[in-house]
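Using the sequences and the hints, build the whole thing.
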Amino acid sequence: MGWIFLAVAVLSEVCGTLSLRVAASGRKAWYAWVAVGYVLAFVFLSLTLENGVGLGVAYGIWAAAGVALTSLASKFLFKESLTPVMMFGIVLVMAGVLLIETGSTH
Numbered sequence: 621m622g623w624i625f626l627a628v629a630v631l632s633e634v635c636g637t638l639s640l641r642v643a644a645s646g647r648k649a650w651y652a653w654v655a656v657g658y659v660l661a662f663v664f665l666s667l668t669l670e671n672g673v674g675l676g677v678a679y680g681i682w683a684a685a686g687v688a689l690t691s692l693a694s695k696f697l698f699k700e701s702l703t704p705v706m707m708f709g710i711v712l713v714m715a716g717v718l719l720i721e722t723g724s725t726h
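Residue numbers (my numbering): 621 to 726.
Hint data in this document are derived by calculation from the structure and do not stem from the laboratory.
Label-pair distances were calculated between CB atoms; the ranges are: (1) A627 <-> F696: 12 to 22 Å; (2) L719 <-> A644: 26 to 36 Å; (3) T722 <-> A652: 33 to 43 Å; (4) A649 <-> L719: 35 to 45 Å; (5) G723 <-> A652: 38 to 48 Å.
Don't be surprised by glycine CBs; every beta carbon is placed ideally from N, CA and C.
Rendered as structure tokens:
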């Protein structure tokens, strides 16, 4: 169940961050969605930890997946750049998280 909570935490954080982009462009009412997204993200991250996923693993996956998904969504929703160098950086972050995950199961 911890992994499901982690997935919801990631999606909530991504929604909150994307809402922040909209709110910062002048649509101030979207700050409410920012708050909801971030509160839900931390609630579900807490539930993830309560269900046995280690802090380093959970936070690493949460952060890396959040960066990757936010970057991809920003490219399509807001027409922001996503260069090959940036994509390579995302791959490196995800590889690092994978190494943390596989290293923690000994």
